[in-house]
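Let chain B serve as the given structure and place chain W on it in line with the hints.
These protein sequence lines map, in sequence, to chains B and W. Here the first sequence is numbered in the numbering used here, starting from 1 and rising by one per residue. Here the second sequence is numbered in the numbering used here, starting from 1 and rising by one per residue.
It is possible that part of the hints are untrue.
[What the hints assert, rightly or not] Using C-beta positions, here's what the derived DEER-type ranges look like: (1) Lys31/W / Asp313/B: 41 to 51 Å; (2) Phe129/W / Gly200/B: 49 to 59 Å; (3) Asp128/W / Asp28/B: 50 to 60 Å; (4) Met123/B / Trp2/W: 27 to 37 Å; (5) Gly213/B / Lys145/W: 55 to 65 Å; (6) Glu51/B / Asp125/W: 26 to 36 Å; (7) Met369/B / Gly127/W: 23 to 33 Å; (8) Lys25/W / Gly121/B: 53 to 63 Å; (9) Pro78/W / Asn9/B: 52 to 62 Å; (10) Arg97/W / Glu134/B: 45 to 55 Å; (11) Glu172/B / Lys56/W: 42 to 52 Å.
Hints listed in this document are in silico derivations from the structure and should not be mistaken for laboratory results. What you are looking at is a predicted structure, and each value in this text was computed from that prediction instead of being measured. Where is the CB? At the ideal position from N, CA and C, for every residue including glycine.
One-letter residues, chain by chain:
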Amino acid sequence: MGDKTMILNIGPQHPATHGVLRIQIELDGEVIVNAKPIVGYLHTGIEKTMESKTYTQALTMTDRMDYLAPMSNNLVYVMAVEKLMQVDVPLRAQYLRVILTELTRINSHLVWLGTHATDIGAMTLFLYCFREREKILKIYEFVSGVRMMSSYFRVGGLAKDVPVGFDKRIKEILDIMPNKINEYEDLLTENRIWKNRTVGVGKISGEEAIKSGLSGPLLRGSGVNWDIRKANPYSCYDHFEFDVPLGKNGDTYDRYKCRIEEMRQSLRIIRQALEGLPEGPYITEDRKIAPPPKEEVLKGMEQLIHHFKIWVDGFCPPEGDVYHSIESPKGEIGCYLVSDGTKRPYRVHFRPPSFVNISALNKLAKGRMISDLIAIIGSVDIVLGEIDR
Amino acid sequence: MWEMIKSIFFAIPRGLSVTFKYFLKKKVTVKYPDAPPVFEDRYRGLHYLTRYPDGKERCVCCGLCAVACPADAIYMEPAETEKGERYAKVFEINELRCIFCGYCEEACPEEAIFLGHEFEFSSGDRGDFIYTKEMLLANFDKIEKDRVAKNIKPFIRQEKYQFKKPADPIH
Numbered sequence: 001m002g003d004k005t006m007i008l009n010i011g012p013q014h015p016a017t018h019g020v021l022r023i024q025i026e027l028d029g030e031v032i033v034n035a036k037p038i039v040g041y042l043h044t045g046i047e048k049t050m051e052s053k054t055y056t057q058a059l060t061m062t063d064r065m066d067y068l069a070p071m072s073n074n075l076v077y078v079m080a081v082e083k084l085m086q087v088d089v090p091l092r093a094q095y096l097r098v099i100l101t102e103l104t105r106i107n108s109h110l111v112w113l114g115t116h117a118t119d120i121g122a123m124t125l126f127l128y129c130f131r132e133r134e135k136i137l138k139i140y141e142f143v144s145g146v147r148m149m150s151s152y153f154r155v156g157g158l159a160k161d162v163p164v165g166f167d168k169r170i171k172e173i174l175d176i177m178p179n180k181i182n183e184y185e186d187l188l189t190e191n192r193i194w195k196n197r198t199v200g201v202g203k204i205s206g207e208e209a210i211k212s213g214l215s216g217p218l219l220r221g222s223g224v225n226w227d228i229r230k231a232n233p234y235s236c237y238d239h240f241e242f243d244v245p246l247g248k249n250g251d252t253y254d255r256y257k258c259r260i261e262e263m264r265q266s267l268r269i270i271r272q273a274l275e276g277l278p279e280g281p282y283i284t285e286d287r288k289i290a291p292p293p294k295e296e297v298l299k300g301m302e303q304l305i306h307h308f309k310i311w312v313d314g315f316c317p318p319e320g321d322v323y324h325s326i327e328s329p330k331g332e333i334g335c336y337l338v339s340d341g342t343k344r345p346y347r348v349h350f351r352p353p354s355f356v357n358i359s360a361l362n363k364l365a366k367g368r369m370i371s372d373l374i375a376i377i378g379s380v381d382i383v384l385g386e387i388d389r
Numbered sequence: 001m002w003e004m005i006k007s008i009f010f011a012i013p014r015g016l017s018v019t020f021k022y023f024l025k026k027k028v029t030v031k032y033p034d035a036p037p038v039f040e041d042r043y044r045g046l047h048y049l050t051r052y053p054d055g056k057e058r059c060v061c062c063g064l065c066a067v068a069c070p071a072d073a074i075y076m077e078p079a080e081t082e083k084g085e086r087y088a089k090v091f092e093i094n095e096l097r098c099i100f101c102g103y104c105e106e107a108c109p110e111e112a113i114f115l116g117h118e119f120e121f122s123s124g125d126r127g128d129f130i131y132t133k134e135m136l137l138a139n140f141d142k143i144e145k146d147r148v149a150k151n152i153k154p155f156i157r158q159e160k161y162q163f164k165k166p167a168d169p170i171h
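Only chain B is shown next, with the shape it has when bound in the complex (with noise of 0.2 Å):
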């Protein structure tokens, strides 16, 4: 701390902060010196719990890492635990995961659109936002029950197959989001406001983002072209076709249009999904992993002991540890799973892409002034439950 500059702490409780971030900043008059998050504030000992779960019980804790993409964060662990596992999916959950997935990223982005306009000053859009993402929660809801903590993946599959009337109900969302997102468009891409208080806010180059460890759109943002779905395809990623949008400055504003231009991606990817969902098992019918379905159980005695047996016991990986990523819509997130032969884990660590992402905030906020931060932030896109697990 030198003479002139002053210390301002900002959060944990600020609107701005999108949850319970704190960040302490060293400031000489208005420009930042230094920019410090502070994290902790929303530990909730997830990944301690999980250890004294069984590995089906486990699922429900890692929706309430990540709330704004649930789905993502199921795919993640399920998909750890299958690679452990070896475990055939069957392709028509895999189709559904993907679908399930890509509406998640949608959804994740609507939210960060909306937020990060809001605290910009556009206030119109948090509203159109949340008004399709309300669309979005509720096909969570038709598949699910639940609109946010889904819990729907499983180990070898899904929890039970999509009820009658989903691709109707897809096709919707697939009919009106490309009007919906042109709109958002209209209103800030050429807007001069925006533009002042985006472009050139917050940058990073390719080999900083590279050397920080950034992934998703802010890694994508300053021109690197890396996404797992096209680097290291899982469940099925290889069977469509989409591009992998990239910006050029790796400032707010292309962070910005690589979002806007991945649900474009997104809703394309659900596009093809859709059309070749195939038909036939939801869940692998391998009994030692997933239970019977529920009509055989009430018939038969042997299906109803293995019924018993799953619930019950669950299953029991092998011993070893395995690690497994995937592109969940704020970037990298990946679930490092230690397994001493038992039905719990030994050890579940996450890589949550928040986490990482914003241990660069100084980078992004040096030089920059206090205004500039709160755009910075919002163009990172956090969810603090991921962050502190």
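Relative to chain B, chain W alone:
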């Protein structure tokens, strides 16, 4: 200068046209407390314990829901009738611990516990959230009355299945 003209004559009217378009359109806001909310069929709300058509409760107190529950919200004590039929002497769900994941419903082998659409249960006292067996059965009676009034087909089996002998082997 050109930037300013572009902004005044093109960008701002373009943005405002979106705003004015919705000004005249039908509102999408859900009038929740005045109008009842619409739920999907699979919505997971307050639990209920079901009965057979003759009024006997289905729960046999096997404990599978309590084991499946990730939040340890279910407590039960078994007992037997004179005929030797098992039933739940005590069955309690702590709705404050419950995370509404629906695992109890999935795990139940007797179709005895379900999550209904009731979501407006509030109280000033924490003790009120421990739902006993009688309260959970009363929830069902309310739903059943509603179902009969609306003449909807029941979605759970009405009679006990007879297990086939010998049981079909499975893979």
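Take the C-beta atom of Lys25/W and the C-beta atom of Gly121/B, compute their distance, and say whether it sits inside 53 to 63 Å.
-> Given range 53 to 63 Å: violated, Cβ gap about 24 Å.
Are Met123/B and Trp2/W spaced within 27 to 37 Å by their CB atoms?
-> holds, 28 Å
Could you say whether the range 26 to 36 Å given as a hint is met by the Cβ separation of Glu51/B and Asp125/W?
-> holds, 34 Å
Mind checking the hinted window 45 to 55 Å against the Cβ distance between Arg97/W and Glu134/B?
-> With a Cβ separation near 29 Å, Arg97/W and Glu134/B fall outside 45 to 55 Å, so the hint is violated.
Range hint 41 to 51 Å (beta carbons of Lys31/W and Asp313/B) holds or violated = holds, 48 Å
Range hint compliance [Cβ, Asp128/W to Asp28/B, 50 to 60 Å] | With a Cβ separation near 56 Å, Asp128/W and Asp28/B satisfy 50 to 60 Å, so the hint holds.
With 52 to 62 Å as the target window, see if Pro78/W and Asn9/B comply at their CB atoms.
-> Between Pro78/W and Asn9/B, where Cβ atoms are some 56 Å apart, the hint holds.
Should the hint that Glu172/B and Lys56/W are 42 to 52 Å apart at their CB atoms be regarded as holding?
-> holds, 44 Å
Quick one: are Met369/B and Gly127/W within 23 to 33 Å, going by C-beta?
-> violated, 53 Å
Hint says 55 to 65 Å; check whether the CB-CB distance for Gly213/B and Lys145/W agrees.
-> With a Cβ separation near 59 Å, Gly213/B and Lys145/W satisfy 55 to 65 Å, so the hint holds.
CB-CB spacing for Gly200/B and Phe129/W relative to the 49 to 59 Å hint | holds, 53 Å
Violation of the numbered hints given earlier is confined to hints 7, 8, 10; the remaining hints are satisfied by the structure.
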